Amino acid sequence: MPLALAALVLLGVGLGLALLWIGELEGFAAGGIFFLHVPVALTAYALLVWGAWKALRLLWTRDERYDLESYTGIHVGLIFALLTLVTGSIWARAEWGVWWDWRDRQLVTFLILFLFYSAYFMLRYSIEPGAARARIPAVYALFGVVLIPVSFLAVRLADQFLHRTPLIRGGRPDIEGQVLAVFGVCFAGALSLAAAMYAIELAGKRLDARLQEAR
Amino acid sequence: MSYTWAAYLVVLLAVLAWVGIIALKLRRLEREVKELPRRG
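Protein chains in written order, with this note's numbering: chain A, 1 to 215; chain B, 1 to 40.
Hints listed in this document are in silico derivations from the structure and should not be mistaken for laboratory results. Note that the structure is predicted; figures quoted are calculated from it, not measured. Treat the hints with care, as some may be off.
EDC-like, lysine to aspartate or glutamate: derived pairs with alpha carbons at most 16 Å apart [unchecked claim]:
1) K25/B - E64/A
2) K34/B - D208/A
3) K205/A - E30/B
4) K205/A - E64/A
5) K205/A - E32/B
6) K25/B - E201/A
Modelling step: build the complete structure from the supplied sequences, incorporating the hints.
Written out as structure tokens, the structure reads:
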């Protein structure tokens, strides 16, 4: 509950400040989406890395409690990844006049990342419950984590810059002062929301697993 | 409505939908836990 409360307060304050104090970012159409889209995208990356880290711990230690932790990280990460795609699409419509542009490498690599982790669920539930259901998806989750730096760096590796990155340019923050402060509050809010959702989902999945064992 | 407001609204609705789904799931689990002793 403290995490959910922190998320509510931080996101409420952060997005309120973004709308009322900062307004739209200079040089961007609907730049206010930046304060939601970027924190949500970075949180999605963090959750998928967390899921892959727990998968590595599972394979390394063979301790099956990491299975549910990895699964939950990927589950909540996918919710954030879907929100990244939707908010990004709305921003693209405002900025470029289209909902999607296949020429943009960051969009396409993020979509591949999303589809890759969506298939994780199909793989997981196509295996009978037991040790194999824990280990095989864990290996798959580890393969997926390779896509994260590719997705993150895609715009910097690209030779055309359709997808602008106002956050970092030339290794230094490209935003400063009040914009950076409000972005920090929004990012902390998105991370708190993710942590709250992760904790609640994990508690539910653990209870479900114990019930299945008890039956 | 501006695109910024539309994006904020989409995220708000998605979080509310998740809260609804998880609340239903936890209520189902609670009911199943209560039913366990009766099954022996």
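Each hint, compared with the structure:
no.	hint	in the structure
1	K25/B - E64/A	violated (23 Å)
2	K34/B - D208/A	holds (13 Å)
3	K205/A - E30/B	holds (13 Å)
4	K205/A - E64/A	holds (13 Å)
5	K205/A - E32/B	holds (14 Å)
6	K25/B - E201/A	holds (10 Å)
Hint 1 from the list above is the single one not met by this structure.
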